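**Q** Order-wise, the sequence lines are chains A, B, C, D and E. For what it's worth, the working numbering labels the leading residue of the first sequence as 95, then goes sequentially. For what it's worth, the working numbering labels the leading residue of the second sequence as 95, then goes sequentially. For what it's worth, the working numbering labels the leading residue of the third sequence as 95, then goes sequentially. For what it's worth, the working numbering labels the leading residue of the fourth sequence as 95, then goes sequentially. For what it's worth, the working numbering labels the leading residue of the fifth sequence as 95, then goes sequentially.
Hints in this document: simulated from the structure, not taken from any laboratory. It cannot be assumed that every hint is accurate.
Remember, identical chains collapse to one label, so a pair may be satisfied in a single copy or spanning two.
To be verified - Taking lysine-lysine and the BS3-like style, the derived pairs with C-alpha atoms no more than 25 Å apart in a straight line are:
| # | residue 1 | residue 2 |
| --- | --- | --- |
| 1 | K96 | K209 |
| 2 | K313 | K399 |
| 3 | K351 | K99 |
| 4 | K116 | K313 |
| 5 | K350 | K209 |
| 6 | K350 | K312 |
| 7 | K397 | K102 |
| 8 | K312 | K99 |
| 9 | K116 | K350 |
| 10 | K127 | K96 |
| 11 | K116 | K209 |
| 12 | K300 | K256 |
| 13 | K351 | K312 |
| 14 | K313 | K350 |
| 15 | K313 | K351 |
| 16 | K313 | K99 |
These numbers come from a predicted model, not from an experiment.
Below are the chains, spelled out letter by letter.
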Amino acid sequence: MKVTKLVKNILSKYESDCPGTKANLARILCTGKLAGTGKMIILPVDQGFEHGPARSFAPNPDAYDPHYHYQLAIDAGLNAYASTLGMLEAGADTFAGQIPTILKINSSNSWATTKDQSLNASVDDAIRLGCAAVGFTIYPGSEHALDLFEEFRAVAEEAKAKGLAVVLWSYPRGGNLSSAGETAMDVGAYAAHLAAELGAHIIKVKLPSDHLEQPEAKKAFVDAGIDLSSQAARVREVVRSCFNGRRIVVFSGGAKKGADSIYDDARAIRDGGGNGSIIGRNTFQRPREEAIAMLTQIVDIYKGKA
Amino acid sequence: MKVTKLVKNILSKYESDCPGTKANLARILCTGKLAGTGKMIILPVDQGFEHGPARSFAPNPDAYDPHYHYQLAIDAGLNAYASTLGMLEAGADTFAGQIPTILKINSSNSWATTKDQSLNASVDDAIRLGCAAVGFTIYPGSEHALDLFEEFRAVAEEAKAKGLAVVLWSYPRGGNLSSAGETAMDVGAYAAHLAAELGAHIIKVKLPSDHLEQPEAKKAFVDAGIDLSSQAARVREVVRSCFNGRRIVVFSGGAKKGADSIYDDARAIRDGGGNGSIIGRNTFQRPREEAIAMLTQIVDIYKGKA
Amino acid sequence: MKVTKLVKNILSKYESDCPGTKANLARILCTGKLAGTGKMIILPVDQGFEHGPARSFAPNPDAYDPHYHYQLAIDAGLNAYASTLGMLEAGADTFAGQIPTILKINSSNSWATTKDQSLNASVDDAIRLGCAAVGFTIYPGSEHALDLFEEFRAVAEEAKAKGLAVVLWSYPRGGNLSSAGETAMDVGAYAAHLAAELGAHIIKVKLPSDHLEQPEAKKAFVDAGIDLSSQAARVREVVRSCFNGRRIVVFSGGAKKGADSIYDDARAIRDGGGNGSIIGRNTFQRPREEAIAMLTQIVDIYKGKA
Amino acid sequence: MKVTKLVKNILSKYESDCPGTKANLARILCTGKLAGTGKMIILPVDQGFEHGPARSFAPNPDAYDPHYHYQLAIDAGLNAYASTLGMLEAGADTFAGQIPTILKINSSNSWATTKDQSLNASVDDAIRLGCAAVGFTIYPGSEHALDLFEEFRAVAEEAKAKGLAVVLWSYPRGGNLSSAGETAMDVGAYAAHLAAELGAHIIKVKLPSDHLEQPEAKKAFVDAGIDLSSQAARVREVVRSCFNGRRIVVFSGGAKKGADSIYDDARAIRDGGGNGSIIGRNTFQRPREEAIAMLTQIVDIYKGKA
Amino acid sequence: MKVTKLVKNILSKYESDCPGTKANLARILCTGKLAGTGKMIILPVDQGFEHGPARSFAPNPDAYDPHYHYQLAIDAGLNAYASTLGMLEAGADTFAGQIPTILKINSSNSWATTKDQSLNASVDDAIRLGCAAVGFTIYPGSEHALDLFEEFRAVAEEAKAKGLAVVLWSYPRGGNLSSAGETAMDVGAYAAHLAAELGAHIIKVKLPSDHLEQPEAKKAFVDAGIDLSSQAARVREVVRSCFNGRRIVVFSGGAKKGADSIYDDARAIRDGGGNGSIIGRNTFQRPREEAIAMLTQIVDIYKGKA
């Protein structure tokens, strides 16, 4: 595995981490078609848990099989595959060593009655399954946010001590947030910043809208003359909110949508200095060949070729 | 104990489990009249705890004695006997080695004021009683679901580390679910899928009705043109929702009912690709000879002879 | 200490317990005037905690002294003395080896605002005080029942591992139960059965009334033609609900009442196959000589002489 | 340190305690001007925590300094000094060995929104600070009472295992208690008894009024013909409720009041057989010389000289 | 590092602490331009977590970078830099040994729905990052105050055992406090005193207003004739409430305001005997040169030169 200067520079920003964690970050950064570029595409498959199997896999029934996703991520040349305990257990031996995996530690589900998640796996599960990282979701704003932060603290401390990387999904939700506020620019940047403050290595947030939720934040943006008119500009502000670019930030794709829209998102992430995409339903709900073609195009966008 | 190719193939799907756990799965799959066929019948006796002794055992008073159930499961040639701490303690020495046992770790009772269960035994109890597996119930949808998932996580992680198999009863209940929704096709498949995602080895669900609870799931089924008109077709969808058949799925019989209805259920399970039945009140509330005759008939159905 | 065949037969029912636990059960069964008969009388003194010192001890002021109760139990030839941490600590050295003791681990009190109990002692306290068993109370039906079951699980598992016996007070209370239901026949048998399912060695319940609380249970009794018209018949049903007599069941006496009534209770317990009485206020609130005479009479009843 | 026969007799009542704990009880009993008499005066200073510094120390500003209290207790010839973590840390080295100290483990404060206390120190803190005992407060009657009992259980078990003595402040408060009930005779005796049942070595309660809160307790007192008309008689009933005098009981002085009233209290405690006083605000809120004179007078009262 | 007599005297007040903790207090007291004077200025940067990145850093965008704050604290000759887990991890290696750091263990955020904080780091994190101290916030008055105290207890006990110093932010908030009461003189002195009672080494409070919240406290101040008319007098009362000056007390600056106002605050702190300032937004939200000039002036004030 070749570690480029660009990747070494990224790793140098993680100055308090142990060599084991840095090696796992390097594995993710130096795998697949974007290896060594500092950009990454991750395939996340926790939608079966979160939305149920029919809504997630019936559109492309091959996706009912956990092996399908491992193979898709490998064949599309992605950087990593993220999924839940059961899904990884079902393929971790067959695909051992073929692609870095991220064990999603907590999840919600369609029938949850609170804005909370359950812890469904452990750091030791990630170790025995050979994962490069653990993944965790927090809901800033939710009545359960402080508890989720504390659960994350315990998971992250153990993961770092055991040489794993830590990926944090930071999704504002509930509490005093308006519906528009959950994807607002200021809230999204704050959510990304919280992830950095909490010690995440890789931060996953949604692409922010141009809505501004908090008057004080709006004033701060206006006073500082910060341009937030384009998606790329908003990505740039999120990246800056992650320790001025010292932390890897990737953006999620959301529900299935048209390919052109996905490409536009990728260009905005690239132009704003984001580190890449985490893209699930938009790939595995399409036929395999179509998904691979789309991912190839996204790779080209991140390489500046499209 | 002969482990057939068919069983070896099933075991190979549990690719992240340790040899101890696989050996215990093999013990269950290779015991009784269905040994080696990949099918199984389990006798579960937790109704005394859940519904009280009179409702459970007065119809057939011999069943007040814990030894009765061990002997029934052995004489009927079943694959395993599942019960609670006290019930297994009362016969574990007398019947040691004669049939695989599953220690049901948690239970509810008729007087519970919430849709929750209490943890009444430990993984170490299962070890000292020589069990092949632990059993656990979750209530997806309940206000207590996330807590139950987390309790399961701890039990399952410990059980796997100690070489036991893990059987998960996944029973949707409460919260935002309608009464019909608790046995709906989409909800049942989701419940089975959650069990697989949570890392269960053997998944126990109820036979789903043709009701569809969630509009988004209904749309997904319709869009994908999935046939759900027969019980067998619905079983097939549940099996597919369990990692495309990579996990063992058994179906419960419910309250006492007519023998023909039970045989119809078994044929649907067989034809839909399910792995078998878990059948309690319909056996131990009948006179012993009648119960054994019925179980013999179910065995024949699973063998394709009836 | 002579262990009779009858006692050996009882011990053989505890087939999953370690020799240490069986030895402690034998100590209780083979002490006092009923030694070796399979019957037992236990003196419980937790009323000071539960109802306060004035209501408990002012009727017979000698009973303010913890030594009084040790001596009473010894002089009356009882099988065991059960009390709380402080009460046992105050006499454990003076009376070491003279009578088996049971450390009551949890208790409620007159000013409790919920139907719950506090854990006031540990299994290790029982070990250091030389006790033969720990005692624990559950309130089936209460909003706190599931928590109490889980606390009991931890206590019982530790006690069994450390060679102690486990005595479980199972007192239905609160929740959806009617006031009459708390002592109903069906509820009492269910409560006793829950204690057996939870793994108790000795089960303590109240003598059941002829009220039936749950329609489904009533139907089951009627359908099975079970006679519940006499107190002895109701005792018999409780005994049968405890694994068909595989577990020791003792019955409590309740508030102070006339001697004849107490003797009638004992005869019903004897005739119904119960293992004995646990009798507190009816002894220590009487003058010592009167109490000893009464206990002598109860011993004679259990021996079939009165 | 001379241990008198009288003290040896008291120690013999603590028959289940280890030599380390007895030695610490002996240290308290054999220090100061009341050494060897079985009587004791303790200086408690947790009012800064409970009521704030201005209300506690502004009346005598020297008392802002933690050293002041150590020196006061030493110079007045008291048996022990009880205070909080920070207060003891601030003088434990300077005054090491000069007076037994009691680390108050939990406290409430003026701004608390519930009738509960926070645990602010540990048993190990008491060990490293060279304390003779830990102190703990319970609020029988409060909605938090069961939790406080359970917290006490853990603290007391650890303290006893580590050779410390355990002092329990038992203050009825809240829940179903009336305001007058919080200092009622029956409630106070019950509170003292609960402390004994919970395993405390030294019990601290308030002097009870002649109010009777619970009709059943009132009836018990009346039926037994117990005289409660004088303060001394009420002290005697509290002492009897503490295992018939087998446990040390001290009484608190409450808010600042006239000296004569304090002397009357001490005489009642002495005449009723109580073991002494725990007296804070009435000493440290007076000028030092005045406080020492008052304490000298109280010593004389306990010695029967005043 | 030169430890002056003045600092040795301060250290001698921490008489129960281990040499490791004293050495870390000495590091803070003997670093920067105020080294050895007993005065200190600390730069705290947890506003990104508490208020979000835009409101905190947009006014001076260089401050988005964690390295900026390390360098600012070093170049301004401050005594210590306090920040959160992620912020310290991002610079701990680059600036190792250049300035004492304080790891802020818990934090709130703008979207919190309760007056509580989440624990986001551990004492072991502080150890591995080479910190001199841990920082913690309590909210006296809040419904969560008792829980926060208990969390602090655990953190402080572990920190002291591992040779770290403990800094406690004591901010009255919520519950029964009025809005004016949160900064009232009596409440502030009580909050500072609670921090001392809880065992903090360095106490951080807000400068108190002349409002008096609690009638009993007001009476106590009036009765004792304590002058509270000037800011310096109020600082003096806070210092006295911290064990009569035995504990280090620093005061926070609050939201950004004019330089003269800040200098007035510093003079009041100095004249009242406080130990210094903890000043965040008023420095890092100004241009770097302006901030350094301001801090130089504050240093001069504490040295008595301005």
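**Q** Each hint: holds or not?
**A** Cross-check of the supplied hints:
no. : hint           : result
1   : K96 with K209  : neither (42 Å within a copy, 49 Å between copies)
2   : K313 with K399 : neither (38 Å within a copy, 38 Å between copies)
3   : K351 with K99  : neither (36 Å within a copy, 45 Å between copies)
4   : K116 with K313 : neither (38 Å within a copy, 45 Å between copies)
5   : K350 with K209 : within (23 Å within a copy, 35 Å between copies)
6   : K350 with K312 : between (31 Å within a copy, 17 Å between copies)
7   : K397 with K102 : within (18 Å within a copy, 46 Å between copies)
8   : K312 with K99  : neither (38 Å within a copy, 51 Å between copies)
9   : K116 with K350 : neither (33 Å within a copy, 39 Å between copies)
10  : K127 with K96  : within (13 Å within a copy, 47 Å between copies)
11  : K116 with K209 : neither (33 Å within a copy, 37 Å between copies)
12  : K300 with K256 : neither (29 Å within a copy, 40 Å between copies)
13  : K351 with K312 : between (30 Å within a copy, 20 Å between copies)
14  : K313 with K350 : between (35 Å within a copy, 15 Å between copies)
15  : K313 with K351 : between (34 Å within a copy, 17 Å between copies)
16  : K313 with K99  : neither (40 Å within a copy, 49 Å between copies)
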